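Asks: One-letter residues, chain by chain:
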Amino acid sequence: MTTPGMVLHFSVEGGDFAAAGEAASKIKKALRKIGIDAGVIRRVAIAAYEAEMNIVLHARRGRMTLEVAEDKLRVIAEDEGPGIADVDQAMQEGFSTASDLAREMGFGAGMGLPNMKKCSDTITIETVKDRGTKVIMDFNHR
Amino acid sequence: MNLKEVLEKTEARMITGESETDRECRGFYVSDLLSDVMGNAGEGEVWLTIQTHSNVVAVALLLNLAAVLFTAGAEPDATTIEKARAEGVVLLATALPTFEAAGRLYRALMEEK
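Just so you know, the sequences run in chain order A and B.
Letter 119 of the first sequence, counting from 1, is numbered 119 in this note's numbering, and no numbers are missing.
Letter 39 of the second sequence, counting from 1, is numbered 1039 in this note's numbering, and no numbers are missing.
A hint or two may mislead.
Examples of chain B residues lying across from chain A (beta carbon under 10 Å, computed) [what the hints assert, rightly or not]:
| no. | residue |
| --- | --- |
| 1 | G1039 |
| 2 | V1056 |
| 3 | V1057 |
| 4 | L1063 |
| 5 | L1096 |
| 6 | T1098 |
| 7 | A1108 |
| 8 | L1109 |
| 9 | M1110 |
Hints were generated in silico from the structure; no laboratory data involved.
Predicted, not measured: the structure shown is a model, and the values here were computed from it.
Using N, Cα and C, we set each Cβ at its ideal position, and we do this for glycine too.
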């Protein structure tokens, strides 16, 4: 990836359902403003939303970053949280560790990470138990 | 089909977006799982759900949905309505059960073709 021309950060609070989705929404608006293709924006918006929701659902707090380079967009979601015990298992559709309350709200379908994988061109997950998780997603846009 | 017809077919009322009755809807998606909607609903569609919390607005906004139709008498709280107004998301509500509402819309859509 070439040096990013624009970098935006958004903080995300764990458990803050009311504000959940705002970071993804701001990312979407920023991309629209600079004229990124609508199909690419859709993919980024979905992946960013899911990453943001994972912080809200599972972590204490976290940060979302959007990097815009000439050929690529990168979304980084890093959090202070429990980490992912088994990444392969977490990538399986239907697997979830979300709370009962979250499930009643329609979260915890076990589709977040699979959606992120589907929407991004590459996804890298770094996680340390009881410390946190960092998800890096790249999107080609040229 | 536009939102006016959606309102008629499902005996629904508009909670927000009163000026958007002409808005065209490209299809419908029925689900109460947010990630399912995120992954599968298309732009310009109307989403039928019984989930009423404010994150529904975030999903509708990110996907550029035509509207959210709350079914089975589900009523959004004040926070959801406020957020929808601020973001220009159209909210509709019907007392019809989800199956009945979806069935009527499906039939109308087939007759249109």
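Asks: With reference to the structure, classify each hint as holding or not holding.
Replies: Structure-based check of each hint:
no.: 1; hint: G1039; in the structure: holds (4 Å)
no.: 2; hint: V1056; in the structure: holds (8 Å)
no.: 3; hint: V1057; in the structure: holds (8 Å)
no.: 4; hint: L1063; in the structure: holds (8 Å)
no.: 5; hint: L1096; in the structure: violated (20 Å)
no.: 6; hint: T1098; in the structure: violated (13 Å)
no.: 7; hint: A1108; in the structure: violated (26 Å)
no.: 8; hint: L1109; in the structure: violated (23 Å)
no.: 9; hint: M1110; in the structure: violated (28 Å)
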